[in-house]
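A.B. asks: Respectively, the protein sequence lines represent chains A and B. Residue numbers for the first sequence follow our numbering, so the first one is 1 and each next one is one higher. Residue numbers for the second sequence follow our numbering, so the first one is 1001 and each next one is one higher.
Source of the hints: derived by calculation from the structure; they are not laboratory data. Among the clues, some could well be false.
To be verified - Derived pair list, reagent style EDC-like, types lysine to aspartate or glutamate, alpha-carbon separation capped at 20 Å:
#	chain 1	residue 1	chain 2	residue 2
1	A	LYS57	B	ASP1002
2	B	LYS1060	A	GLU103
3	B	LYS1052	A	GLU75
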Amino acid sequence: DSGVTQTPKHLITATGQRVTLRCSPRSGDLSVYWYQQSLDQGLQFLIQYYNGEERAKGNILERFSAQQFPDLHSELNLSSLELGDSALYFCASSAYRGVNTGELFFGEGSRLTVL
Amino acid sequence: GDSVTQMEGPVTLSEEAFLTINCTYTATGYPSLFWYVQYPGEGLQLLLKATKADDKGSNKGFEATYRKETTSFHLEKGSVQVSDSAVYFCALRVNNDMRFGAGTRLTVKP
């Protein structure tokens, strides 16, 4: 158990809809990262937050947005969903900022299926 | 930019065979290097890491040595088991950026 909690574990929805994925980082971790893993694809970095502030942006679509709340949990909002958005969405957390030795701790992921 | 390249899979081995999964990196700074493993239906777990040149990370019989001269961090295991079947990801971290390789799927047959 990594200590990172993601909900829901599975989600099935229709094209055009909007969903919210939730992540609770490990206790005390200030950084939260979101990744997308499509079938047979590697991990695509979406976005990172540190203590409530957006820290880095990767290949995140304009239809997607995220935020980190004062209690440090984070939400990833996916809107106007398309079939190609079907993927595993991982959240990871890390205690460090500006220190390059720290590993990321991953949740079990939220599997999104868009029909 | 900073990046990681790892050997393409899938890799299929018989039990007790020797495993090597190649990983090379490009980085402008001084990265830490990681191997993560993803078992079927699960999230990524840290397998091992090395934070500076010539460091050797090891865990569960897996090893990887941080080679600055060849910019490599190859994963090795002397005798694989069926339970090692998973996807393996090489990754580097410079400051706050964590970059992952594409992943290598390993299947070990009895």
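A.B. asks: Could you run down the list of hints and mark each one as holding or not?
C.D. replies: Going through the hints against the structure:
1. Note on LYS57(A) and ASP1002(B): the hinted pairing holds, with a Cα-Cα distance of about 15 Å set against a maximum of 20 Å.
2. A hinted pair counts as satisfied when its Cα atoms are at most 20 Å apart, and LYS1060(B) with GLU103(A) qualifies at roughly 18 Å.
3. Annotation: proposed proximity of LYS1052(B) to GLU75(A) is violated, straight-line Cα distance about 34 Å (limit 20 Å).
Figure legend: structure checked against the earlier numbered hints; the only hint not met is number 3.
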